[in-house]
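Please model the complete structure; the sequences and the hints are all you need to start from.
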Amino acid sequence: MTGDKILEIKNLHVYYLTEEETIRAVNGLNLEVSEGESVGLVGETGAGKTTACLAVMQLVPDPPGVIADGEILYKGENLIYASEKRHREIRGNGISMIFQDPMTALNPVMTIGQQLMEVVQTHQKLGRAQAKDKVIKILEIVGVKGDRFNDYPHQFSGGMKQRVVITMALLCQPELLIADEPTTALDVTIQAQVLEIIRKLQKDLGTSMLLISHDLGVVAEICTKVAIMYAGEIVEFGTVPEVFRSTRHPYTRGLFESIPRLESKSEKLTPIDGLPPNPADLPCGCAFHPRCRHRKPVCEREEPPMRGEGHIYKCHFEL
Amino acid sequence: METLLEVRNLNKFFKVAAGELRALDNVSFKINKGETLGIVGESGCGKSTLGRVILRLHEPTSGRVLFDGMDITSFSPEEMRQMRRHMQIVFQDPYASLNPRMTISQSIEEPLRVFFPQMREADRRKRIAELMELVGLSARTYNAYPHEFDGGRRQRVAIARTLAVNPKFVVCDEPVSSLDVSVQAQILNLMVELRKRMNLTYIFISHDLSVVKHISDYVGVMYLGRMVEFAPKSEIFKNPLHPYTRALLSAIPSTEANGRERLILEGEITSPINPKPGCRFAPRCPYAREICAEKNIPLLEHSPSHQLACVRSDETIGAPFAYNAPA
Ligand SMILES: Nc1ncnc2c1ncn2[C@@H]1O[C@H](COP(=O)(O)OP(=O)(O)O)[C@@H](O)[C@H]1O
Ligand SMILES: Nc1ncnc2c1ncn2[C@@H]1O[C@H](COP(=O)(O)OP(=O)(O)O)[C@@H](O)[C@H]1O
Ligand SMILES: [Mg+2]
Ligand SMILES: [Mg+2]
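Respectively, the protein sequence lines represent chains Y and E.
To convert a position in the first sequence, counted from 1, into our numbering, add 1.
To convert a position in the second sequence, counted from 1, into our numbering, add 406.
Hint data in this document are derived by calculation from the structure and do not stem from the laboratory.
Straight-line alpha carbon distances no greater than 20 Å define the calculated SDA-like cross-link-like pairs of lysine to any residue that follow:
(1) E:639 <-> Y:264
(2) Y:266 <-> E:644
(3) Y:269 <-> E:542
Non-contacting residues of chain E with respect to chain Y, defined by C-beta distances greater than 12 Å in every case (computed):
(4) 462
(5) 472
(6) 519
(7) 683
For every residue, glycine included, the Cβ atom is placed at its ideal position computed from N, Cα and C.
Quick look at the structure:
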């Protein structure tokens, strides 16, 4: 069934508490992923993308991290109140995450075969031979030859390691795959290969996906919907054509104008003034106001409302 | 147009345990004064090595580098030291290239002390303030330390250091690759403006073709130590001829994609150690024939302004591939 909500994040707040300060990494995040859908989450470094994913996986490092408020519903079940045992179950069978650096997920002193077998055997009741067949089948789907089963991670290139990690994630047969900048560290031709694999998985397995990226192009190619994140919250959300063609939020517009594009003739880029805010010291009112070309006094005082339906954006003004 | 830099048959081989690593293999080109040459290619193709060998931060294995008509490959270390005033480099990671124990102003002062030891204290201070303004650093940050700065402002400091000595030529080695897009755009605009104002000539290295398109006049595409295509920017982007250039362009995720079919390369870059003869790209090339693996394929003039190292261009020209060329 498509259309059922697989993940709902409601008013999520995640803070890192240090001796000197409170870092408000995620600040009232609202986001939904429905079955069969792929949602892109776009934002610059420090916007809180990784923290939000870690919260969904219930892997926020604690200390210093705390989930201060909000709900994370996986098929209606609030993960924040679930037991550690239940979290492990969901990580094994429900939600898998792919990290930017494949070595976070790989053990350097075990062969990839050993590691992948371990994943299958802890989560599914399969005999050795069956498990191995399954591992090799998925390795080949993502383009790693079965004869590399006994190789160690260091014998793989960056692109190949990322494929092994994708295999690991898929072996859990997740209903939701969270991919945190899965291709950012890869060369463009290798990125194209990995994106092609992700596309194929969506088509063949119908896996729902939350794809984190700072690259609007990657999101355009993979996702149906896109959320733009700034200072720990969503400032614009809609289908890819809505957000890309009738961009509303000044921050999203700024992002589009900042990217040099192959298609454009213009020599001059229009950067966004200033710098992303410090999450330990967020501006009052609208978090984007110090960098905004359209700001008015109200923006410094009051938090803006969410406007629109379906395609929504958070601003004091109708744009 | 006056040539500022010419590179002739430049080779750089590294001896490694497994044999000879050909980081640069017979590279030749010219750059005109005031122009920017963009160098693109995937990691490990020799871009940084090219930049370093041109400045003789690495000694070339063979070949020549002519700067302003002088063969700098024959210069003594002292002559080369003097020459470096005119030839500078900006690196990708400004944190690594700035001394964390020096304030911003001390960092910018250092090249002034080295190259202009007679400069008076007051003049030096004035010059530092000028440079900080030039690169858009607030005077308030005069005594700040690099760790107080984000990547974009650190890169501004690195640029100010580079420009302190009034160079003619700057190698920019992925200067915006580690920056977020909104900050990247600020630094790119700054670099374009400085080039005009100070009449600089750039080699601009990047793995990002959109960035290279934005800033370059000419573009050179490298693959495993070799230059495979070299042409004015408009030619490279409107009429790319080498299958590798086409694959690179087609691989860029585009916000205007509309479900176009991509030209996706199989396999990965092969080893630069003891390479086999023939076109380095042949193992991944959809157009490769036996002849491509038999002999070395030199970079030749395809048209007066377009150089190409491919013997299969009859077939590649006109073959459709997924890429939205600029209007
Ligand atoms: N373990 C941690 N301790 C303290 N601060 C952290 C930690 N992890 C992340 N942060 C901070 O939280 C903010 C959001 O980070 P992150 O979620 O990694 O953003 P993104 O993935 O969008 O770049 C940043 O300011 C970051 O420095
Ligand atoms: N000092 C060195 N010793 C041995 N090999 C090197 C050295 N520097 C670079 N290389 C090799 O030369 C090739 C080109 O490297 P580099 O110029 O850094 O490429 P790029 O900048 O395009 O990523 C790579 O295979 C790299 O491993
Ligand atoms: Mg992150
Ligand atoms: Mg390099």
